[in-house]
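Undergrad: Listed here are the chains, written in short residue letters.
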Amino acid sequence: MTLTNGDSRNGTQKNLGEVIVVTSGKGGVGKTTTTACLGAALALKGKRTLVVDADIGLRNLDVILGLENRIVFNLVDVAKNVCKPNQAIIRSKKSNNLYLLPASQTDEKDVINEEEIETALEHYRREFHFILVDSPAGIEQGFRNACAGAESALIVTTPEVPAIRDADRVIGLLAAKGLDPSLIINRLDVDMVRKGEMLSVEDVQDILGINLIGVVERDENVIVATNCGEPVVYNPRSRAGQAFMRIAGRLCGEQIPLPNYSDTGLWSRIAARLGVG
Amino acid sequence: MFDGLRRVIFGNKTSSKQLAKSRLHFVLVQDRTGLSAEELAKFKTEMVDVIERYFVIQKQAFDISYRRDGETTTLVINSPVIVRRQDAVHHEAGTRKFKKKKHELAKPPPPPSMPVASNT
Numbered sequence: 001m002t003l004t005n006g007d008s009r010n011g012t013q014k015n016l017g018e019v020i021v022v023t024s025g026k027g028g029v030g031k032t033t034t035t036a037c038l039g040a041a042l043a044l045k046g047k048r049t050l051v052v053d054a055d056i057g058l059r060n061l062d063v064i065l066g067l068e069n070r071i072v073f074n075l076v077d078v079a080k081n082v083c084k085p086n087q088a089i090i091r092s093k094k095s096n097n098l099y100l101l102p103a104s105q106t107d108e109k110d111v112i113n114e115e116e117i118e119t120a121l122e123h124y125r126r127e128f129h130f131i132l133v134d135s136p137a138g139i140e141q142g143f144r145n146a147c148a149g150a151e152s153a154l155i156v157t158t159p160e161v162p163a164i165r166d167a168d169r170v171i172g173l174l175a176a177k178g179l180d181p182s183l184i185i186n187r188l189d190v191d192m193v194r195k196g197e198m199l200s201v202e203d204v205q206d207i208l209g210i211n212l213i214g215v216v217e218r219d220e221n222v223i224v225a226t227n228c229g230e231p232v233v234y235n236p237r238s239r240a241g242q243a244f245m246r247i248a249g250r251l252c253g254e255q256i257p258l259p260n261y262s263d264t265g266l267w268s269r270i271a272a273r274l275g276v277g
Numbered sequence: 001m002f003d004g005l006r007r008v009i010f011g012n013k014t015s016s017k018q019l020a021k022s023r024l025h026f027v028l029v030q031d032r033t034g035l036s037a038e039e040l041a042k043f044k045t046e047m048v049d050v051i052e053r054y055f056v057i058q059k060q061a062f063d064i065s066y067r068r069d070g071e072t073t074t075l076v077i078n079s080p081v082i083v084r085r086q087d088a089v090h091h092e093a094g095t096r097k098f099k100k101k102k103h104e105l106a107k108p109p110p111p112p113s114m115p116v117a118s119n120t
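Going down the list, the sequences are from chains A and F.
For the first sequence, position 204 matches number 204 in the working numbering, and the numbering has no gaps at all.
For the second sequence, position 9 matches number 9 in the working numbering, and the numbering has no gaps at all.
You may find that some hints are simply not true.
Straight-line C-alpha distance at most 25 Å; calculated DMTMM-like pairs for lysine to aspartate or glutamate [to be verified]:
#1 Lys80(A) to Glu108(A)
#2 Lys80(A) to Glu151(A)
#3 Lys177(A) to Asp31(F)
#4 Lys17(F) to Glu220(A)
Listed next, with one range per pair, are the computed distances between beta-carbon atoms [said to hold, decoys possible]:
#5 Asp63(F) to Gly46(A): 50 to 56 Å
#6 Phe43(F) to Tyr234(A): 52 to 58 Å
#7 Glu202(A) to Thr14(F): 14 to 20 Å
#8 Asn78(F) to Pro162(A): 23 to 29 Å
Hints were generated in silico from the structure; no laboratory data involved.
Keep in mind it's a predicted model, so treat the numbers as computed, not measured.
Virtual Cβ for every residue (Gly too), placed ideally from N, Cα, C.
Just chain F, same shape as in the assembly (with noise of 0.2 Å):
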């Protein structure tokens, strides 16, 4: 009860175990893909300039994880968008997923079709 009070009144850093989550994250992805750190850098900036065609984004958090849902995996990809507007600029966040198979993953990804939210 009194650690949820401390977070209530102080806040909460960065615990050690969301350090854990993040670099598993990072390691699982390479695990799983068999593509090594430098690969998975070129193919997220492959990645950040296929979508940069036809949106504006927020490149330092764009990121890309490789969940497993029981059979299927699935490639996620977190894209935070800038929707420009003709008199003022709306900070959406978007999410867009591409569900592929393992095999598939050499393929080049479809354009994004997802739909984006706006205020107005």
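If we strip away everything but chain A, and leave its shape as in the complex, we get (with noise of 0.2 Å):
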């Protein structure tokens, strides 16, 4: 995946903000949470980062983040030029890097088209390193108006047969698209991997063939962060926020290996080679 090394906001340089959409076609894998952790990472690491949220009429990104109390306007209101577009953009508690798009509650999917939101969006490509376009789920005109002025895209799946099958449909339209997708896997259970109840980190690469680009673990405080509104990131003893953390830095450009999942005791290996495990 292209990666933009962004400079800092006083530089001289004038670099356009990556455009990412993160997208599933399951509903419920962690497409928001996702959205909201690696912009609150990126924004710890100093890039400039704007979060939108695409899911017109069932937000949630701003509920993720704590932001909820203080929405004015939204997507569709700057697609529709009723307000200024930093007019729209709400900057998060936590960090002077990140802000917030949010989308209507009020209207439907279709109120907007692609050619609106490339065109909202490219009110804000001067003015931050990342954005982060959080798609709703399946695959018609939402999804559609998401993926709208994306350069590159985030694919969020579970290690499940509905989520793997829904991702590699989306996969393939994505492709149709030109988008080139990298693949998150979320809600690993490193213990029914071992015990060959949960599809491992290989077996879904291996079915749906992209490249990979994080593993992020089931973690009870991603549940706990989503009550109270702050991004698991900034807990440090979340595995789930050490992981979100390592995505956005190989999302900078810096090369972290991927922690090894697999199931490597003493004792599973005398199984594999008695080809019993």
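Fit the two chains together into the complex; they arrive one by one in their own frames, and the hints show the way.
TA: Below you can see the structure in the form of structure tokens.
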């Protein structure tokens, strides 16, 4: 995936922010959490980041970030020129580098089209290093809108049959749009993988066949963080938070190896040798 | 560690993950090719007929999968073959891979030209 090594805002170079759509096909696999956490992680690394909620009618990025009571204008208002672009973005409570462009809650997904979204995002590209667009579930107009203006894509899946099936479909659609997706495997449970009750990282990679940019383990801290409206990356003890920080690092071009999630204990190696593993 | 020890002592029955993999394999071939289960079954039968003109194969172990490697997609046909020799019958497993771009799937496959490894 192409990475923009953005300069600081006070630099003389004008870099255009990289627009990345975060999508999945399947609902409930963690797109919004991923968008919020990657946004927060990038901001912690000093990158000016805008997270855009493209889930019109079912907005949730505001809630994950704890900004639900600060919304005045939204993406649809910007697209329809009801307000100025800078009036609609909301600065995060925890970081000066992180901003949110919320979705409208009362409209439906076809209230705007791809062209309008692309034009709206254009206003922000010179202001931010990264623009992460949280896509709705599905493959209809909402998904198409979210992909408008994007240069690359992150596909979020869990290691489960329906999620992988939908992710596979979306990979095909993104390839047709010329977007080269990278994969995030969310909610991996290492114990279940060891017991043979969950597909492993290698299984999912093998099936989907795209570049893997990160794995996030199942972590109760994520739910607690959502309850509090603070992305889990601000909890240094959270394994999920650490994983999102690593993924953000990779987005910035850092070489961060993936932790080893496969079962390589002594008895498992013996079992594999004997052909019963 | 004890899971590995358990597997060494008791062996490994089919795990739910293996079931998940084979079911995904089944639905993804249909989803990716756009062929229904009936059409895929017909394709398999016709493939087996073609291969049987040249080889003796183990029909029950015959398998077709459709794998994505980055930008190319590959039709993978696994066809265990029984190679007859003069005095004895040797059972050999063979794998043929037909690499095709998606739009070429409509054309008939070329005859298999796989070198079969032999024990003698």
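Undergrad: Regarding the pair lysine 17(F) and glutamate 220(A), is the alpha-carbon distance no greater than 25 Å?
TA: Holds, because 23 Å separates the two Cα atoms, which is no more than 25 Å.
Undergrad: Is the straight-line distance between the alpha-carbon of lysine 80(A) and that of glutamate 151(A) 25 Å or less?
TA: Holds, because 23 Å separates the two Cα atoms, which is no more than 25 Å.
Undergrad: Does the Cβ distance between asparagine 78(F) and proline 162(A) fall inside 23 to 29 Å?
TA: Cβ of asparagine 78(F) to Cβ of proline 162(A): about 26 Å, so the range 23 to 29 Å holds.
Undergrad: Please check whether aspartate 63(F) and glycine 46(A) have a Cβ separation lying inside 50 to 56 Å.
TA: holds, 51 Å
Undergrad: Does the Cβ-Cβ separation between glutamate 202(A) and threonine 14(F) fall within 14 to 20 Å?
TA: Holds, since glutamate 202(A) and threonine 14(F) (Cβ atoms, about 18 Å apart) stay within the stated range.
Undergrad: Run the distance test for lysine 80(A) versus glutamate 108(A): straight-line Cα separation, threshold 25 Å.
TA: holds, 14 Å
Undergrad: Does the structure keep lysine 177(A) and aspartate 31(F) at a Cα separation of 25 Å or less?
TA: holds, 18 Å
Undergrad: Is it true that phenylalanine 43(F) and tyrosine 234(A) lie within 52 to 58 Å of each other by Cβ?
TA: holds, 53 Å
Hint compliance for this structure: no hint is broken.
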